[in-house]
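There are 2 protein chains.
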Amino acid sequence: MAADKSTGLTLQSIREAHARIRDKIHRTPLVTSEALDELCGRRLYFKCENLQKAGAFKARGATNAVFLLSDSQAAQGVVTHSSGNHAAALARAAKLRGIPAYIVMPRNAPAAKQAAVRRYGGEVLLCEPTLAARESTARQVQEKTRAEFIHPYNDLRVMAGQGTSALEMLEQQPDLDAILCPVGGGGNLAGMAVAAKSVKPAMRVWGVEPRGADDAARSFNSGKIEPLGEPRTIADGLRTSLGELPFAEIKRHVDGIITVSEEDILRATRLIWEVLKLVVEPSGAVPYAALLDGQTVQSRALPERIGILLSGGNLDLDRTPWQAAV
Amino acid sequence: MAADKSTGLTLQSIREAHARIRDKIHRTPLVTSEALDELCGRRLYFKCENLQKAGAFKARGATNAVFLLSDSQAAQGVVTHSSGNHAAALARAAKLRGIPAYIVMPRNAPAAKQAAVRRYGGEVLLCEPTLAARESTARQVQEKTRAEFIHPYNDLRVMAGQGTSALEMLEQQPDLDAILCPVGGGGNLAGMAVAAKSVKPAMRVWGVEPRGADDAARSFNSGKIEPLGEPRTIADGLRTSLGELPFAEIKRHVDGIITVSEEDILRATRLIWEVLKLVVEPSGAVPYAALLDGQTVQSRALPERIGILLSGGNLDLDRTPWQAAV
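Sequence order for the protein chains is A and B. Residue numbering for the first sequence follows numbering that gives the first Met the number 0, beginning at 0 and increasing consecutively. Residue numbering for the second sequence follows numbering that gives the first Met the number 0, beginning at 0 and increasing consecutively.
Treat the hints as calculated values from the structure; they're not laboratory data.
No copy is singled out in the list; a pair is fine if it fits within one copy or between any two copies.
Below are the EDC-like pairs computed for lysine to aspartate or glutamate, each with C-alpha atoms no more than 20 Å apart in a straight line:
#: 1; residue 1: Lys23; residue 2: Asp36
#: 2; residue 1: Lys94; residue 2: Asp36
#: 3; residue 1: Lys199; residue 2: Glu303
#: 4; residue 1: Lys199; residue 2: Asp174
#: 5; residue 1: Lys112; residue 2: Glu273
#: 6; residue 1: Lys23; residue 2: Glu33
#: 7; residue 1: Lys23; residue 2: Glu167
#: 8; residue 1: Lys23; residue 2: Glu37
#: 9; residue 1: Lys199; residue 2: Glu170
#: 10; residue 1: Lys112; residue 2: Glu37
#: 11; residue 1: Lys94; residue 2: Glu147
#: 12; residue 1: Lys223; residue 2: Glu243
Computed from a prediction, not measured in an experiment: that's the story for all the values here.
Chain A on its own, in the form it takes in the complex (with noise of 0.2 Å):
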């Protein structure tokens, strides 16, 4: 069904998301691979994400937001709490407009992903490892500070933008039949949703999480947002729980919510890796991997063109995802 203008998120504001946006980012390529076409009996197209500014999507829906912030408003900075790629994202999207950036980080947040952070200019703040404290600290910071709270996902301003790559991909291929798109906290698949059946009303377009994260799948399924549990799954960046405003626009625009196993992540990690030459992190090879699984193709009836979205190629490699996970 076509995106309604009545909801919240709607096609305009992804355009002008874009034209806000789109000299800050990467126009990042659409890759395909004989090889792995051969493997799934499809035609495959793969939206590099991994090769955006700071490594992920996430550099659109922050820029988004950063630069729609009236100048008043953005004088007083942003803040957010994040672990992953919002973080880096959201402190590189302040600093291009010159602003400051507070990041809560849990103490415990790789060294790494704090590092990246500080490299952008964004200011490290550290909290006991729990939700709560995160939300506490952030909230103290902005009290402090009056700096706008960029939340990772539940947020239009940042769903706006992340559906850019939507466009993008429509923009590269217009042949597209379906788009498969990781789902963690929603707001990639939701922006993504809206804007490729806007554009395109016969597309069709699924989420893909891990089995062992699978609230959004839970969540379609009976209608209303069931609660994550305790998250198994390499997949660290899909780790999170459902948010209200970009489920709203799953239920109306998405087709279905797929799930796949651990090692069907893991396999279709190292061949993005082999045979795309692509360095893709786990949670940005969850949509490849639906379609490793055979009854998936088949039950889903999944189309001939279908666009995949590697969402980010951020970790650690001191060793690889599949020896990591032995």
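Given chain A, work out where chain B should sit, using these hints.
Frame of chain A; chain B shown alone:
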């Protein structure tokens, strides 16, 4: 100095090669990174031939050679001896033309490399792991089948094909001041130097090779081909002696040969994986390694905007190169 029309390799032959092969290869992206630019104080443009068909620039030369054959020549097939990227590239090109490819490989060639040749329909002929055995086996195949021998680098058709990546780089970024290219047999460096200097005479072109396989540097300095000796480098694609036809062009058109340490090759490889999110084999990271050596950057007076050829991405991913080297 500009390319001389009287030489063996001409800009025209490279332009014709490009027209011949362009719908049979990828136009690979030219990627940039603010982080890597800052690290060396230059603007770097990475030509992603690791994303090329069959995972290396070798697809360019092999495809040009195969499609230059007359129908009656082609009908007999093609033959080469190679344990590396040229083997798979030639098998792929022959498959595109619908002709046989006979690939002589040493008995100890990695199973993955043999499998790549067979996947493209090439016939693998195993021989003892010596150059003499490889050459005599290839000669026997030639006599028996009348197949055309396509040398991996000492062949003007192959060199013309390799030069096409420089044409693309200058279309993608006309402001380039210099190109750094790895040098093993020299076919790639020769082709790129003729193309780049013919299109833009002010361009500077350097070859880069491991200190542990520095025959090109010694040959360039003495003016005659110096034997390779026993190569000691992780960059397995560059453990190759300089060919005579490439050397003739390199002497005329190349500004110098830079040698790099094993430590810098590994550091360069890891940085490309980590920051650019690209899987590159150690041989492919060799040109970037030159930028990590401050003394080289200064003594060679490397200019502002530098194009870097990431030549290939084929390697065993059971372990990372920095684990394998320990």
